[in-house]
Structure formats: structure tokens, C-alpha cells
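Undergrad: Sequence:
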Amino acid sequence: MLVMAFPSCRKREPPPKPKPLPASDINNPLHWIPKDFDKLPPERQATVLAMAQRLAETAWQRPYEQAQKAKDRADLVRSAPPGFKPSKSGKRVGVMLIPKKTTLRVGEAFWYRVELQNIGPDPISIMDLNWSFFKSGNAWGEWGLILTRPDGTEEGMQGIRGMHCPSHEITDLRGVPEERGREIMRRMEFMTKLAAGLDVTLNPGELLVTRPWKYYGYPEVCRMEARGQDPDAPIPGEFREFPESERYFDKPGTYEVKVVWVPGSIGVPDRRFAHLGLVFTMEKMASMDSNVVRLEVVP
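Numbering (our numbering), first residue to last: 144 to 442.
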């Protein structure tokens, strides 16, 4: 018997409707079988067949991935500013922190927006596949905020990384054959991860922006989930709230805040596969700081 429990019964947006995968798409298994396959060395043939087999096993996922990428791009990507020119410095990305306001009262929440811009001449791929910082204000991962207090001391602002509420939804798979039940569970896990993660391509000058979001603390989050509401649902506007940020701005004075990104790597065009279209290879990146925002906190 398989009984699967989920953390909530939130009313989420339905997954984007997938479109059929074109035969020419790079993710189509047939695309990876070259015409001169029989002339390839045995080790190369084995590599090609392994890739094609893996893609064939997960082929049902491709249309959903493409649909989610299109939705995320529409929601989170902005066009290049007028007059944009690629940087000649060799840098590929820039990060900007934008506050909703620069004067706060003691104990007031900090609202902000982060923009990641492709400042280079080539497209880049940004992947945050588990729980994307750009979608949820609770998902930090590679990102962090650094605060400098009026006395000059520096500390990291710790975001709330998740809350565990009693389970409100049970998927009962009794009577379902075991292998079929496991397949259902795998598909549900895939769809959940797909909705929470992020995989976008940024053309030169384009910006990836954080989704507007409001912080709800415990136990309100659990109450919302019990009512079928989604605490991570996007809100109107352009800014998000930093979780429990009021505890950091507890005294009058001048504060400074910046974003630090430790990306590990980003996707850059792989010229070796240019004949297949736009194919990315991963390039290691050093940690990156945003601009410094100065905040005045008043009584």
C-alpha cells in the first residue's frame, strides 16, 4: 500500500499546458543520433546512445519543462533597457539591489527587489532548480544579504528557510499497483520541483527580477495552508519583504545593505554544439556583490 503525504493542500496555479516537442528540438532523443553514427568510435557511440536513452526515458518531462520556462520568462524576465550596450570588461552578469524606500522607522520591515542582468554579449542560462530565490523570499540558497550597522559592525541577514506544518493533504494510492503508484509519486515530485525551481535564458541586456512576495510567519503560514491558501503566492507590486527584517533595524542610524551571490556556475554558449542550436555549458563564477544601499532608520 502506498499512501503519500504532502505538506499542504495549497491552491496553486495549475502547471502550464505543455506543447508537443518538435522533432528538431535538442531535447528530442532522435536529435542526438548523428547521421554518421556508424562511423563514430565505439566509445562515442556508447556516449550518444546513453544520452539518447536518458532523454527517451524522461521525454514526457520536456514539454512541461518548456512550458514552465516560458511561464517563468514571462513572469520574471524584463527586456533590456533602451540603449543597452554589452560590457567590454568581460563580465557576464551584474546584480542590483533596489529598496522600496530608503528611510525606515525603527522595527519597520525592509522591502526590496533584486535584479540580475546579462551585461555580456552572449545569452546566458541561470538555473536554480530546487527552490528558486527569484520565486520565493524564503529560498536563499546561493543568495544572501549583508548588513552594516551604524556602529560599523557587519552581519548576515538570516532569511527564514522554511517551516514545517502538519500535513493537510493525503494522496491515497490504495488499490493502485505498486509500480504505478511509484510512477505517480515520481511525477508529482517532478511537477512540484519544476514549479519551485528556475531555468531561464537571458539574452544580452535582459534582467531577471525577484517575484513580489510577502512574508508570513508561524503559525500564520500553517493556518493559511490549512485553508488551502498559498503563502508563497505572488502579490501586486514590484517588491518583496525580507523575513523578520524588523529585528535588524532596531536602532536609529545609518545602515548599509548589499546582496551577495555565490553562484557556483552559470550556463554559457558552447560553440562545439553550435550546429545543434543554442547549447549551454557550465562556467564557474566567483562570488558577486551588488551595489550598496544606504538606509536611514528613524525613531
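In case anyone wonders, no lab produced these hints; they're calculated from the structure. Just to be clear, a hint being listed does not mean it is correct.
Stated by the list, open to error - Derived CB-CB ranges, DEER-like:
hint, residue 1, residue 2, range
1, Ala210, Ile289, 33 to 43 Å
2, Ala210, Gly250, 12 to 22 Å
3, Ser430, Thr296, 14 to 24 Å
4, Pro395, Gly226, 38 to 48 Å
5, Lys228, Val422, 41 to 51 Å
6, Leu421, Leu192, 22 to 32 Å
7, Glu321, Pro224, 28 to 38 Å
8, Gly420, Lys243, 32 to 42 Å
9, Glu321, Asp393, 24 to 34 Å
Using N, Cα and C, we set each Cβ at its ideal position, and we do this for glycine too.
Undergrad: Check each numbered hint against the structure and report the violated ones by number, ascending.
TA: Per hint list: 2, 5, 7, 9 violated.
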